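Colleague: Heads up: the sequence shown is residues 7 to 167, going by this note's numbering.
The set of hints was computed from the structure by calculation and includes no laboratory data. The model shown is predicted, which means the values in this text are computed figures rather than measured ones. What you were told as hints is all true, and nothing was included just to trick you.
Pair by pair, the computed Cβ-Cβ distance ranges are:
id, residue 1, residue 2, range
1, K163, Q135, 40 to 48 Å
2, K163, H142, 28 to 36 Å
3, A61, A99, 27 to 35 Å
4, R153, P111, 52 to 60 Å
5, R130, R108, 45 to 53 Å
6, S36, E82, 24 to 32 Å
7, L107, P54, 29 to 37 Å
8, Q89, A61, 14 to 22 Å
9, S78, P42, 27 to 35 Å
10, E146, S36, 53 to 61 Å
11, G51, T100, 18 to 26 Å
12, R130, E151, 27 to 35 Å
13, Q96, Q135, 55 to 63 Å
14, K79, P42, 29 to 37 Å
Cut-off 25 Å, straight-line C-alpha distance, at most; resulting in silico cross-link-like pairs (DSS-like, lysine-lysine):
id, residue 1, residue 2
15, K148, K163
16, K102, K91
17, K148, K159
18, K79, K91
C-beta: ideal position from N, C-alpha, C; glycine also.
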Amino acid sequence: MGYRWRRMYYLTGLPGWMRFGYSPGWVGRSPTGLPPTAEWIISSGLMPQYRQYLAGKRASQIPLYTPGAPVSKEDEIRMLEEQAKSIETQLEATRKRLEDLRKSPSIEESQTYYPPPYVEPSPREELAQLEDYRRHLDEEVKGVETRIEELRKLLEKEQSK
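Please take these sequences and the hints and turn them into a complete structure.
Modeller: This is how it looks when you write it as structure tokens:
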């Protein structure tokens, strides 16, 4: 039970690091609120190919853009516009975070923690602490002695039988 869908992304054709699985949400963790893989696809300029894949078109064996081959003007414009949009989104998120950090008061987490200095107890306080400790130890010793006596009595009963 519970393992019914564990291999549901194996046959997607995507490599393991690109499979989209369940995510608790990336709002506040990435500029666009998308998981890292989606963020990478958008910012890398591979969005046209990924959209083609999602549309259900058959993937060609030849790469869409062969290295060294000239890219059409329309494709380059589309890629650059998408890249500009993603950069603008990232820049807006960065500016918003900067404003939030500047507006909010300094957080205690970012400040270094200095423990309070050690103050040596006065002789009177130290004596009181040691007497309390001695009382505690005396009570423990009494408990141990009574248990020893109980065990001796049990042994005597067993030997007399």
